[in-house]
Each structure stands twice: as structure tokens, then as C-alpha cells.
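Asker: Residue-level listing of the chains:
2 protein chains.
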Amino acid sequence: MPETIPEDSVGLVSPQTMQFDEPLEFACGRSIKSYQLVYETYGQLNANKSNAVLICHALSGHHHAAGYHSMDDKTPGWWETCIGPGKPIDTDKFFVVCPNNIGGCHGSTGPNTINPETGKYWGPDFPPLRARDWMEAQFRLGVRLGIDQWAAVIGGSLGGMQAMRWSLEFPDKIRYSVAIASTMSLTAQNIAFNEIARHAIQTDPDFHDGYYLEKGTIPKRGLVQARMLAHVTYLSDTLMGDRFGRVLRAGDFQRGQYNPIQFEVESYLRYQGEKFSTTFDANTYILITRILDYFDLAREYDHDAVSAFSHARCKFLVISFTTDWRFAPERSREIADALIAAGKDVTYAEIDAPQGHDAFLLPIDPYIRLFREYMQRIADEVNA
Amino acid sequence: MPETIPEDSVGLVSPQTMQFDEPLEFACGRSIKSYQLVYETYGQLNANKSNAVLICHALSGHHHAAGYHSMDDKTPGWWETCIGPGKPIDTDKFFVVCPNNIGGCHGSTGPNTINPETGKYWGPDFPPLRARDWMEAQFRLGVRLGIDQWAAVIGGSLGGMQAMRWSLEFPDKIRYSVAIASTMSLTAQNIAFNEIARHAIQTDPDFHDGYYLEKGTIPKRGLVQARMLAHVTYLSDTLMGDRFGRVLRAGDFQRGQYNPIQFEVESYLRYQGEKFSTTFDANTYILITRILDYFDLAREYDHDAVSAFSHARCKFLVISFTTDWRFAPERSREIADALIAAGKDVTYAEIDAPQGHDAFLLPIDPYIRLFREYMQRIADEVNA
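Protein chains in written order, with our numbering: chain A, 22 to 405; chain B, 22 to 405.
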């Protein structure tokens with residue numbers, strides 16, 4: 022709970038819900054007749070509606086990107102570091118929109134909501150989505166909010182993948198694309214980690230082939246396992262060493278007796294896993310990791326990223342972090358190289374930071390400074 | 022099945038069993054009254070018994086390091102690449118001994134054997150071992166075989182950790198220590214991966230707090246999960262990319278229809294996990310990963326590796342592989358640096374290889390050449 026709301030926070034915010042009663046057809050060929058999106062907005066839309074920014078969340082994210090839901094809230098939104106008055110995504114200058122994606126589990130229509138046609142949870146029968154399905158839903162939300170063109174579509178990790186996909190799906194509807202700690206496609210190692218996480222969930226006896234909500238249970242063990250594993254990939258080896266090292270939480274190494282030993286890092290990961298398992302839906306985890314695995318920006322352009330990006334009309338900011346081993350700097354350099362070869366306006370920065378993939382969420386000075394200055398230029402342009 | 026045994030293989034071999042009826046006291050303070058070790062030997066002990074080499078196996082290894090058990094054997098021992106006539110560990114020149122460590126699950130006394138005092142499986146009640154307990158058991162095996170001093174103690178990964186520990190536990194009983202793809206202690210990230218693997222096993226409902234054998238079951242899901250995860254850490258990102266990339270085994274990405282997709286890498290990992298789960302004991306997996314986590318070569322020397330190695334009297338060969346991210350080259354450089362500072366004779370080589378941690382098992386030309394030449398020098402010395 023914040024004693025007082027910090028001055029550079031958007032403060033108390035409330036999620037909103039938008040109901041859509043027109044069908045949405047997905048890339049898989051299936052469609053849903055109606056759906057709803059939960060979203061938050063920060064800042065004010067300007068008179069000519071040119072200052073709207075779309076925030077795309079990553080795997081474990083949601084619509085609550087900044088501010089507090091109440092004075093009892095212990096933590097602010099997930100991107101509080103970057104969204105607020107005077108922050109990179111400056112809410113004094115931008116109208117910021119952050120939806121929970123369709124298929125998510127924080128209020129938008131997804132596996133943990135009721136399918137009105139059956140009266141039961143969607144569960145594993147929710148259509149298998151692709152990233153482009155999110156684009157369509159996000160686009161429609163923008164239309165409803167009176168936004169014809171986004172000043173910028175912005176995201177980190179999977180959010181960055183959406184920001185790039187936007188530049189190809191709706192080239193005229195986006196002025197800037199900001200892809201942070203992102204990639205044009207997952208590597209075999211990335212896919213492997215996702216597959217192991219899914220395996221943990223799917224083999225949990227409480228998973229019940231995905232129909233666990235009907236059974237009144239959740240595959241808690243699997244979710245804990247999935248989150249522990251994912252969490253390791255979000256941190257650098259260096260950061261884990263600095264933060265936990267080989268420090269013990271319990272027991273000791275004394276000879277001649279046996280005191281069960283627990284390392285700090287074990288305790289930390291179990292805590293993270295437990296916390297996640299109470300707030301995230303297992304079917305959504307499977308659905309979104311599949312979206313990650315399937316994502317391949319250049320697939321429909323003969324696997325040629327230059328050809329893909331030649332369809333874009335916006336400008337690009339691409340940022341990576343030196344110790345990110347989930348989506349390594351090399352992945353972002355590939356993006357920047359392809360954009361340059363496609364003749365696009367791209368700013369690329371590789372930030373020297375020890376925090377690994379999660380760096381995009383953290384107050385790292387050179388990152389925040391660069392991000393703020395770039396966004397300031399956009400603000401000047403769209404508010405001119 | 023080999024049609025014919027290759028000329029550079031030790032050929033058909035048989036495991037042997039050595040029974041020990043003197044008590045073995047462990048570092049934890051507990052002891053067992055009797056135990057047995059399963060082991061294999063290749064080559065002949067020379068007249069002055071100076072050419073014996075001890076092979077220490079890693080987490081998933083065992084006594085069957087080279088050759089074939091029968092003409093129906095599909096695969097040879099796990100270090101066939103390095104052990105045999107004319108190979109680095111040349112069985113024409115060395116008498117090679119490879120035991121399954123105590124606490125293991127391939128025939129030596131361990132959690133999946135019967136505790137004679139209770140008539141039941143040891144299971145989770147097997148004493149929690151440390152690496153030094155293995156040294157003592159290996160030492161006694163050497164004595165029984167008439168070996169007063171090992172020409173070399175050799176191992177990769179956890180095997181290399183044993184080879185180093187030998188140089189401190191029995192400084193007069195070892196002439197050369199060869200530590201390949203190894204480390205003086207695990208990093209927080211290493212521990213995290215082990216913990217996640219243990220968590221998978223321990224939360225499998227079939228684990229029954231470790232008493233699964235009494236219940237007539239095994240925690241198969243947990244073992245599959247543990248192995249899939251470990252396997253990813255044994256391979257480099259590059260190798261996984263080269264071998265699997267984003268190739269599909271099933272399904273396709275066509276729009277407008279939903280064909281469930283499976284990547285090659287998923288299929289491969291599931292196969293590896295399934296195979297492992299039928300051959301490895303879950304309690305042993307927990308026991309050995311704990312040994313890995315606890316291992317800290319310098320702990321009892323004020324955490325000063327130079328001080329630790331000052332007790333050694335042997336010479337050292339240390340080898341690392343550029344893309345090994347489990348025990349990175351930096352870990353081996355720390356070993357080499359400490360040995361140099363301690364005034365020891367050390368040869369250190371960092372092999373440029375794309376295969377990651379598993380490189381120590383593979384026929385990588387510069388690695389094999391260096392290893393062979395180094396071992397040749399030892400052979401000349403001990404057979405002189």
C-alpha cells in the first residue's frame with residue numbers, strides 16, 4: 022500500500038470493459054460471436070486524437086500497466102517504471118491504452134470466462150489464437166475509442182512482437198513501433214522452455230485435459246513449475262549470482278550432521294511460482310506460449326524479414342539488453358538490420374544492463390533516458 | 022546393435038560387483054554397515070600397478086563408460102568417444118576403472134536398493150551424500166583392485182568436480198586430475214535449474230514422499246519433466262537452432278484451419294524425457310543434484326580456491342567449451358587461475374565448439390587431439 026501516491030504515478034485507476042457484439046474471426050478459421058476486452062487508459066486523448074499509444078502486454082502481463090487500483094494496492098501496474106507523468110510514456114502528453122488481450126485471463130474473454138453458447142467455461146476449447154488475432158481485437162478497441170491511428174504501439178518481449186506485427190497488419194494505423202527486448206521469432210531453445218512449461222501444466226493430474234475449472238480445481242503444481250522455469254529465463258546468470266549467489270535460507274554445511282539445506286534462490290523461485298499459480302490461468306498460459314512459439318514475423322514473406330518490413334510505413338525504436346539470454350541482443354540486431362535493409366527509419370540501442378530479459382521493466386538509467394527522449398519526439402510531433 | 026565391434030572399441034564388457042562389508046561413514050554423520058559398488062574395467066593393470074585411471078561419471082552417468090554389453094546393445098558406453106584402443110584414454114596403455122557411484126541407481130548401493138537392516142528399499146532414507154563420500158568409496162575400490170595411486174582421475178561436468186576433489190582428499194593417491202566442462206561450485210542459476218527439476222519430481226503425486234518403489238510406482242511425469250529441462254541446459258542455443266530450428270514435426274501454420282502444431286524440438290525433448298524416466302531413479306536424481314548444489318571446492322578453505330588447491334600435489338588438465346552455458350568457460354578459467362596462483366602445473370584449453378555442455382562427450386577434433394596428447398604423456402610417464 023502506498024502511503025501516498027507518488028507524484029510521477031498516474032495514481033488511482035480503474036479498469037474498464039468494452040463489449041463487442043460483432044463476430045471476431047480468428048486466423049485458425051474459427052470465430053466468436055461476441056467478446057469483451059478489459060482495459061485501462063491513462064492521460065487524455067487530445068483534440069485531434071493523434072496522441073494515443075497502445076501498450077501491448079507480454080506473457081504474464083495484463084491491462085493494469087500503471088497506477089494503483091486502490092490505496093490498499095501493494096504494488097502498482099506492471100510498467101509503472103515507464104508510464105506516468107514525466108516518464109518515457111508520458112501521461113501528460115499521451116493517451117495510453119492498455120487492454121488485456123483476448124485469450125488472456127484478467128477479465129477479457131478467454132479460456133477462464135464463460136462461453137455464452139454453452140454456459141460453460143471456454144477452457145481448452147477456446148480457439149487457438151495467433152498474435153494477429155490480438156491485432157484485430159486491439160484495432161477494434163482503438164476504433165471504439167475514436168482512435169484512427171496510434172501515435173505508437175509499444176511493448177516489451179511478446180509486447181514488442183505485437184508492436185512489430187502491428188506495423189505489418191495495419192501499416193497506416195501506426196506512426197511508431199517500439200519493440201523492446203523482443204524477437205522476430207523464437208529460437209529452438211525458447212520453444213523448448215515453453216514446451217517444458219506446458220508439459221508441466223498438462224501432466225498435472227489436476228489439469229483434467231484443460232477442464233479443471235469445471236472440476237473446481239486448478240493445476241497448481243504445473244503452474245508453479247512453469248513459472249519457476251520461466252522466471253529463470255527472465256533473469257541473467259549474473260543477476261541471479263548477485264542477488265542470491267549460494268546464500269542459504271535454511272540448514273548449513275557442517276560435517277557430521279544433516280541439516281536440510283535450502284538455498285535462497287530455491288525459496289525465491291518457489292515463492293514466485295506459488296504467487297503466479299494463484300493469479301494466472303493454465304489454459305491461457307498454454308494459449309499464449311503457443312502464440313509465442315508460432316510467431317514468425319517473416320513467415321508469410323518467404324521468411325525474408327526485409328521483405329516483411331518493406332510493408333511497414335511507421336518508424337521504429339528497437340531496444341535490447343546485453344545480458345538478456347531469452348531474447349538476446351542478437352535477435353534485436355536482426356530486427357534493426359532488416360529494418361535498415363528495408364529502408365526504414367530505425368533507432369536501435371543495446372543497453373548495457375546486468376538484469377537480463379526483465380530489464381525492460383526496470384528503472385535502468387540509460388534505457389529510461391533514451392526511451393523518454395524518443396517518446397518526447399513523438400509527443401512533440403503528434404501534439405504539434 | 023553393432024554389426025561388428027569397431028576396432029577402436031574396448032568391445033564386449035561385463036560389469037562387476039564389489040561387496041564391501043566394512044562400514045562407510047558419510048560426511049552427514051550417518052554410516053552404512055555394508056554396501057556394494059558396480060564397476061567396469063577396461064585394459065590391463067601393469068606390473069607396477071601405476072597405469073590405473075579412475076573415471077568419475079556425471080549426473081546421469083554410470084559404470085558403463087565404454088564398449089558393449091552384448092552384440093544386441095544398440096549403443097556403447099557413455100564415453101565411448103574417449104575410452105578405447107588409441108583413444109584419449111587409451112585402453113592399450115591404461116587400466117581404466119569406472120564405478121557407478123554409491124547413491125547411484127545402476128547397481129551400486131543407493132536409494133533403489135534394499136536396506137538389509139529393514140528389508141525395504143532405502144528410498145528417501147538413503148543418507149544425503151556429499152561428493153567426498155564418493156571419494157572414500159572410490160578410494161576403497163582402488164585399494165581392493167590393488168591400486169595405491171591413480172595415474173589420473175578423470176571426469177566431465179560433475180565427474181570433473183570429483184576429479185578436482187580427489188586432488189584435495191587424497192593428494193598422494195593421484196598423479197593427474199582431469200576436469201572437463203566443470204566448475205568449483207554451481208551458480209545460482211545452476212542451482213535454480215536443479216531445484217526446478219527436484220520440484221517437478223517431488224510434486225508428482227506418484228512420488229509419495231520418495232516411497233514410490235514400495236507403492237509399486239515411479240514419479241514418471243516428474244522425471245520426464247526434470248530430464249527435459251536438464252537436457253536443454255546441456256545443449257547450446259546454437260546447437261539447438263542448427264539441429265531443430267523451428268522445424269515442425271506435425272501440423273502446419275496454414276491460415277483458416279487449425280492443425281495442432283508440434284515442433285521437432287518438443288518431440289525430441291519428450292522422447293529424451295520418456296527414455297530417461299524408465300532408466301533413472303527419482304531419489305537418486307534428487308540425491309545427486311543435491312550433491313551438485315552443495316559442492317563448493319573452496320568452502321573449507323575460507324572460500325579461497327588458491328588456498329584449497331595449495332593442498333594438491335598432482336598435475337591438472339582443465340578443458341572447457343566456448344558455448345557451454347551450464348558450466349561456462351569462465352568457471353574453468355577460475356579453476357585454471359586458482360591452480361596457477363597456487364603454483365600448480367596446469368594445462369588449460371578452451372575448445373571452440375558449438376555443442377554446449379555435452380561437448381565433453383562428443384568427437385570434437387581439437388578436443389580429442391589435445392586430450393589424447395596429454396594422456397599420452399601420462400601413459401609414457403607411468404608405463405616408463
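Any given hint could be a false lead.
Identical copies carry no separate label here, and so any pair may be met within one copy or between two of them.
As the list claims (entries may be wrong) - In silico DMTMM-like links for lysine to aspartate or glutamate, alpha-carbon gap of 25 Å or less:
#1 Lys241 / Glu295
#2 Lys296 / Asp230
#3 Lys54 / Asp373
#4 Lys241 / Asp230
#5 Lys54 / Glu402
#6 Lys241 / Glu157
#7 Lys141 / Asp366
#8 Lys95 / Asp169
#9 Lys95 / Asp154
#10 Lys70 / Asp169
#11 Lys54 / Glu321
#12 Lys70 / Asp93
Hints in this document: simulated from the structure, not taken from any laboratory.
Asker: None of the hints should be skipped; say for each whether it holds.
Answerer: We went through each hint and held it up to the structure:
With identical chains, the CA atoms of Lys241 and Glu295 are at most 25 Å apart both within one copy (8 Å) and between copies (23 Å). For the homomeric pair Lys296 and Asp230, the shortest alpha-carbon distances inside one copy (23 Å) and between copies (23 Å) are both at most 25 Å. In this assembly of identical chains, the alpha carbons of Lys54 and Asp373 never lie at most 25 Å apart, being 47 Å within a copy and 57 Å across copies at closest. Taking CA atoms no more than 25 Å apart as the test, Lys241 paired with Asp230 passes in both settings, with 14 Å inside one copy and 18 Å between copies.
In the homo-oligomer, the alpha carbons of Lys54 and Glu402 never lie at most 25 Å apart, since the shortest distance is 39 Å inside one protomer and 81 Å across protomers. With identical chains, the CA atoms of Lys241 and Glu157 are never at most 25 Å apart, being 32 Å at best within one copy and 42 Å at best between copies. When the C-alpha separation of Lys141 and Asp366 is checked against a cutoff of 25 Å, the pair qualifies neither within a copy, at 48 Å, nor between copies, at 71 Å. Taking the shortest alpha-carbon separations for Lys95 and Asp169, neither the intra-copy value of 36 Å nor the inter-copy value of 65 Å comes in at or below 25 Å.
Taking the shortest Cα distances, Lys95 and Asp154 never come within 25 Å of each other, neither inside one copy (33 Å) nor across copies (48 Å). For a Cα distance limit of 25 Å, the shortest separation of Lys70 from Asp169 inside one copy, 8 Å, qualifies, whereas the shortest one across copies, 85 Å, does not. For the identical chains of this complex, Lys54 and Glu321 are neighbours neither inside a copy (28 Å) nor across copies (68 Å), given an alpha-carbon limit of 25 Å. Neither within a single protomer nor between protomers do Lys70 and Asp93 lie at most 25 Å apart by alpha-carbon distance, with minima of 34 Å and 75 Å respectively.
The structure fails hints 3, 5, 6, 7, 8, 9, 11, 12 (numbered hints given earlier, in ascending order).
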